[in-house]
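Enquirer: Protein chains in written order, with the numbering used here: chain H, 1 to 332; chain L, 1 to 332; chain D, 1 to 332; chain Y, 1 to 332; chain X, 1 to 332; chain Z, 1 to 332.
Do not rely on the hints blindly, as some may be mistaken.
Pairs count within a copy or across copies, as identical chains cannot be separated in the list.
[What the hints assert, rightly or not] No farther apart than 27 angstroms at their CA atoms in a straight line, the calculated lysine-lysine pairs in the DSS-like style are these:
(1) K68 with K102
(2) K93 with K68
(3) K29 with K44
(4) K93 with K151
(5) K151 with K227
By construction, these hints were calculated from the structure, which means they are not laboratory data.
Take a look at the letters that make up each chain.
6 protein chains.
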Amino acid sequence: MWFYPYDFLSLYPFYLHQQEEGMNNNQEKITETLSEITELLSCKDSYQGLFHQHKEGEPIPSANELLKIVNLLRSIIFPGYYGKSSICCTTLKYHTGVNLEKVYDLLTKQIYAGICFGSHLNHEIGDEKCQVCGEKEKGNARTICNQFIKKLPYIRQILATDVLAAYNGDPAATSYAEIIACYPAIKAITNYRIAHELYEMGVPLIPRMITEMAHSETGIDIHPAAKIGQAFSIDHGTGVVIGATSIIGKHVTLYQGVTLGALSFPLDNEGNPIKGIERHPILEDNVICYSNSTILGRVTIGQDAIIGGNIWITGDVAPGAKIVQPKANKNL
Amino acid sequence: MWFYPYDFLSLYPFYLHQQEEGMNNNQEKITETLSEITELLSCKDSYQGLFHQHKEGEPIPSANELLKIVNLLRSIIFPGYYGKSSICCTTLKYHTGVNLEKVYDLLTKQIYAGICFGSHLNHEIGDEKCQVCGEKEKGNARTICNQFIKKLPYIRQILATDVLAAYNGDPAATSYAEIIACYPAIKAITNYRIAHELYEMGVPLIPRMITEMAHSETGIDIHPAAKIGQAFSIDHGTGVVIGATSIIGKHVTLYQGVTLGALSFPLDNEGNPIKGIERHPILEDNVICYSNSTILGRVTIGQDAIIGGNIWITGDVAPGAKIVQPKANKNL
Amino acid sequence: MWFYPYDFLSLYPFYLHQQEEGMNNNQEKITETLSEITELLSCKDSYQGLFHQHKEGEPIPSANELLKIVNLLRSIIFPGYYGKSSICCTTLKYHTGVNLEKVYDLLTKQIYAGICFGSHLNHEIGDEKCQVCGEKEKGNARTICNQFIKKLPYIRQILATDVLAAYNGDPAATSYAEIIACYPAIKAITNYRIAHELYEMGVPLIPRMITEMAHSETGIDIHPAAKIGQAFSIDHGTGVVIGATSIIGKHVTLYQGVTLGALSFPLDNEGNPIKGIERHPILEDNVICYSNSTILGRVTIGQDAIIGGNIWITGDVAPGAKIVQPKANKNL
Amino acid sequence: MWFYPYDFLSLYPFYLHQQEEGMNNNQEKITETLSEITELLSCKDSYQGLFHQHKEGEPIPSANELLKIVNLLRSIIFPGYYGKSSICCTTLKYHTGVNLEKVYDLLTKQIYAGICFGSHLNHEIGDEKCQVCGEKEKGNARTICNQFIKKLPYIRQILATDVLAAYNGDPAATSYAEIIACYPAIKAITNYRIAHELYEMGVPLIPRMITEMAHSETGIDIHPAAKIGQAFSIDHGTGVVIGATSIIGKHVTLYQGVTLGALSFPLDNEGNPIKGIERHPILEDNVICYSNSTILGRVTIGQDAIIGGNIWITGDVAPGAKIVQPKANKNL
Amino acid sequence: MWFYPYDFLSLYPFYLHQQEEGMNNNQEKITETLSEITELLSCKDSYQGLFHQHKEGEPIPSANELLKIVNLLRSIIFPGYYGKSSICCTTLKYHTGVNLEKVYDLLTKQIYAGICFGSHLNHEIGDEKCQVCGEKEKGNARTICNQFIKKLPYIRQILATDVLAAYNGDPAATSYAEIIACYPAIKAITNYRIAHELYEMGVPLIPRMITEMAHSETGIDIHPAAKIGQAFSIDHGTGVVIGATSIIGKHVTLYQGVTLGALSFPLDNEGNPIKGIERHPILEDNVICYSNSTILGRVTIGQDAIIGGNIWITGDVAPGAKIVQPKANKNL
Amino acid sequence: MWFYPYDFLSLYPFYLHQQEEGMNNNQEKITETLSEITELLSCKDSYQGLFHQHKEGEPIPSANELLKIVNLLRSIIFPGYYGKSSICCTTLKYHTGVNLEKVYDLLTKQIYAGICFGSHLNHEIGDEKCQVCGEKEKGNARTICNQFIKKLPYIRQILATDVLAAYNGDPAATSYAEIIACYPAIKAITNYRIAHELYEMGVPLIPRMITEMAHSETGIDIHPAAKIGQAFSIDHGTGVVIGATSIIGKHVTLYQGVTLGALSFPLDNEGNPIKGIERHPILEDNVICYSNSTILGRVTIGQDAIIGGNIWITGDVAPGAKIVQPKANKNL
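Here chain H stands alone, though its shape is the one from the complex (with noise of 0.2 angstroms):
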């Protein structure tokens, strides 16, 4: 069933060799070293599959622009708590003008970089891309990005809803600014109402790099095409994960380490995953999810339903229900 596509102990007879020889070699050369492996690693058998190759003049993706970005979109969504300077009611609209134009000139950058990172992977390497082509992708990275930036006082009012949301949850927040400063969550929902509206306007592979960003920085995985509702919280963190084809109502409420996740997935007739199927929970409103609780598949998880701390589910679960795990024997 598993396949790959070249046999590396074979192919390195150079490497093997080294190993039988060991460390003994002492004087070699290390300039003949590095030309012999520059050689090697630049053969077309050795780079296959690993190599990206961007046309000239082409953007690259980059996750500098993008976390670039990210801040100043905090900074024009949450103003004061993450640009630099000192801003007041009279400045605010310079700032949001000034912030919003940077957003649109590196967004665009990067929104025609994925179109082309998209591309390229139905293209044969080296293929020239017609220079209309181009033109019209250009075009379409400044219609998305124009589109998006008119979603920006939606994606402001939506986190509002969250932020709330964590106030009314935690008892160890004392105001809403602690939360928009402090915590992790509001950074991971920010990035991922951000990708999401990208995701939704079909802009490839920066939607998933916005929000691999916060998985990295908070340990909270969401998957850009996930649906979630309004006044969504996470506490703590850590160790969340929520698949790609999750759908969470309103006032849903998840703790660290808590996985929304897929079972196993048909497999097609060679034998690879079937893509794009439903695998994911359901989630509807009001749900609260407790610590390292794992729910697999496309389950659904009903309205005020309570799931206790780590717990393994895969099936629905009533509305309103509250279900914990079997009791801990007492001898290890």
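The hints should help you fit chains L, D, Y, X and Z onto chain H, whose structure is shown.
Expert: Below, chains L, D, Y, X and Z alone, put in the same frame as chain H:
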């Protein structure tokens, strides 16, 4: 029970309008969008509750500055590990002196920023703070920072016991040095012990920002208000959560994914959670909690108890008890 | 059984004194505090065991330098993904040559730093190392680095199988490119495979620092000493722990939060844990472990076995077995 | 007449001693030297007159900050030339608003730093400044900065005449744009016009630092106290010196290496130069000075006069006069 | 004869008003000033002729980018001197290849930026450039950059003759290496030779920016249009000016402060200087000019002539002549 | 008499070919050009004499490192002016200690780099240097750096006399502080006094690089080999040149553009200039030279002499003499 201040869907007819027309509107000028959205995002209705206006001349709590401060403190506490320069016995004093002075300068500003941040929450936006109050708050920040610096020898000593505990508890550790240089738990506990002292002196916001920095770096989330005894160790650590009112004795060991959390919390008459109630577990001396176990509520885990992994505990555990998950089933 | 070298509370009467007087002492000069605390922190009793003195002229193991090295290696192994420049077939060789040379320069220094760090642990602080030893260690560092570079083609090939496994295992993955560009597991496994080769050649400290960098970035903690076969995949990954003596076969898949840990370990006559004992699980080919399951001790999970989520396993599992958590209770 | 406060040769017997023994002392420990020299350099006799102690909480005049300020002002005055972002008519206002606010924040601090610096000179080191004075000085800095910002439209207009003069005076100039983007004289004159306004409002030190920045960048040294009319141009400019009490009319052109200096200056009773006397030339409207000519003393160069290159002038020149160097000799 | 487009004093009654009221107005709000001045500086009358609007998607000529390009070219031409990495014969080719590719990428953008900048000057602000023109200009930029790279071997060779000339002409020079590493003239001549090739290929603005960078760094101002033969040397160099239509033969030596300038220039019917006329000196082979001498107008300094320092020359000098300043007077 | 090693025009038929075909060849692939030119620039004939190969493990003389060193030395000598931190009497010692240690680390490496650079000049490229020599050279670098640090108190004292001289000589100076903070001459003289001590101890290249840094920053070019007495002042300074064998007494003042140079120099039998001959002027105590005067050759300017501006002097000047340029002519 849930209440949101605005119905955001009705507020943005403009947005809905866009949704209908879709992406066809290709020629639209981006500059028009920028102006329009800048106006929308700068109107008071839109940013209410999400805008932090700080007063002229007041510093802003800054994650970058706190990162510098924490790195300076790490290099003072563990000389030769974190600082760039080579240090020997003779010159240690010079480096310590310079670094302490930098800590004083930077931390005083951040403490003052935290105090200002805290006091804003009790004022209307736009209130003028009298100059006398400002000077008094600055004086407080200096006093607190002075007191904090006096606690550094103590902080170093208790961290020494944590390093020793990590060494004794991990057969893979080859030296104290490896633990100080590599183990994420030491970073998280260092940040916690620093933040806890600041928390005890009443500094708002800053302690939480310091522990969240460690949370992001290590996946270990310790609330600065928690009380933790000497010789505390956490192995691997990703996903550990220690809530605000937890109390942990001496020589306690936690593994990755352990949660000391709150189960549920009483609401006040208006349906909001009552803040400040003791709602997290007490772990007595020498307790060990294996990975991914979840302990919720004001329960007591008695001295020398051992909690197996992946367990959900919501009641007291007797001293010396060893409890594990019930046996797993053999079919999926 | 527990032993601490100093009773820190008695050592700091100064500190206790402060506690009593509290914050009243408003006028105290900060410069006095700075001098006093500088003295205290520079005295030998205070920093014993926490101070790393390196010898003049020796490099220090540096997380920054290792980050540069890992990024260079990533851009050599996956050209066009991580490097900034645009690369095509024609110029790939130039870039590979320059990057390999940089790796050699930087990594030789870090290997030498690791060797110095390791050898310090067996000496009294202040010992002079004879110049002959120093030159011999430098030579060893050069030889090891030379050998390491020769293994790069092999490392690339085995990583190619890991990428393919991730693609085959995740219906949400749209291309190899997306996996290489976004998936945190590939970053963690790349760091592990690099670190493992250095570990096998006996380099102290550096391999652990490299895997801890990935731990911090991805929440995946793989000990460099673990042995892991080809086509290894981790999905999402936050909270995964793979202990030092783990052995993992081919085509194994782990989900987030899976622990391959040690249950307990024998003590020597002085009550200290015996180091170096095989104490982590063996996973045979094609095993799948779902999220948050904990497998502890030198147990064997047989070929093709499937471990459900949130399970605590401390015994062997037969080949082909599928085990899940017992059914949850329905009331809280 | 010359008086030095200490005979430094006798003060350092230690140093002389070293000179005698020379470099033979090969084994000497560097750490001893470091301690010894640190002591010597930290004793009051050694640093007297060379040590600038600033008070706690006061900003320091900073070349880096002034550089940022000057770049911001250049990008406000000549939009689209110096700033990084792309600016169009629609967004110009946002950028101007944000940049003006930054200028206000940064420049207020530097003006306050200059005032503190100036007031130190009249105090003994270590004097406590009363808090009331401090607040008053801060208020002054804010008022001055406010006034300065109001002068920016005027500064832009007079610089427009300077750009036009440069264009009209240089056949090699192809556009205004080339002059603004490339010509060093425009940079030097911009810095001068900014610094002159600050000088006129009584700010100490800062104006001089701003003109010295241009001096270093362009080789053109204009004292901020000089008075210079509109449509002023300098070609090439390296080596131009314009003294503090110079007065320059409209439409004056200087070439590289021209000095408007002081010849000699009267001494007071104690043999020190009397400060503040008018001692530099007056150039009336439309004067041209060719390269490397030196004009010294309070002389007047009449309207429309042309001064040839490499001349030394210490007397008045009549309006309309043209003077050149006497004919050169033909043998070396 | 002089004409200015606006009488700026009458345009700003607001400013004059301020002047009268002076600094008394202490309480004025800075935010009002910011709004007011932002409005004034954003109105069209104010920025006319001083605002560079570039079209969307076009790069801006950037001093930072040109600095990177010049540093890359220096490290290609003089390998091992300017680049950071250690280079040996074996790896020289890799470094050269990578650096040439970077030069191509960066310089193509800057050449295109220069072309756009040049073409703007012939359009009204706001004109739309047709996409076809844009693509044609980009193609031109690529072609020019390709041609420029082909000239690099030639540029290296002629610079080799300049290095040799500097070595032969300066008794203080101890090696070629010292000259390449330290002598400012080599930096200025390198920039000139690079800029001259770009100038010859018709690139607007960029060549001048490159020579101005050297002007700022070294005080040597060579116009990129000047023609200069091989084995050219400048000693010390501060204040040297070489005008646009100068022609310099082989083996010519200039000392610091030498000007090759224009004396005066004919005006057209409207009183503006006629552009493009040959107005700078011709220096034949082997001429030496000592420090601070000024040679003006289209005069010819014959082969082997020696010009003494501080002389003003406005006529031809015969081949082989030696001319010096007349004897100085002995009283001030 | 002039000899060049290669006729570069004949060496590059390729280049000439291009010239003929011009820019028509629009479709040519840039990758071909890159390969072709990379080959040409990497062949030995092309880079001969322009390639600096340093040995593995040897540091490279680095302008960046020297800049850091000079800034550290400035902040040690003039505390509170150049360093960023606030320093008071109490903490001065800590800062001085830390900065001295940094200087020792960085400068030892640069001195060693200079020694390696110097010794290369006497070897064929590719020679292996024996390890013993390498260690001896490193030891020398350490010894020299140790000696240099011992001279810092002396360097500070003599610079104090220079500051005082500048204050006494300039009526525009309002305080010592202004001179230390702003006057370019103090920067240039500081670099010279540092470089001169290193030059006297026989360090190759590094002293010249240090004075060239000041040359670029200030336009003042002082050769590190020149001998200059105490209380030396330079006003404005752009264009000042002080040759290698100049000798300057006490209390000497130079104005901008003054040259102390060599007139001509004797050739050896092969027509090359004889190196090391005393060929620059001697200025006795209290001499003043006004702007742009040129003094060439081993002449003596007697005590208290005053040299007027723009004069060319190639003979001795008697003590107390005052000489000026002959009177100018009145027509152009």
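Enquirer: For every hint, state whether the structure bears it out.
Expert: Structure-based check of each hint:
1. K68 with K102: both (9 angstroms within a copy, 20 angstroms between copies)
2. K93 with K68: Both ways: K93 and K68 sit 20 angstroms apart in one copy and 23 angstroms across, limit 27 angstroms.
3. K29 with K44: For K29 and K44, the Cα distance is within 27 angstroms both inside one copy (26 angstroms) and across copies (21 angstroms).
4. K93 with K151: Answer is both; intra-copy 18 angstroms and inter-copy 24 angstroms each pass.
5. K151 with K227: within (16 angstroms within a copy, 45 angstroms between copies)
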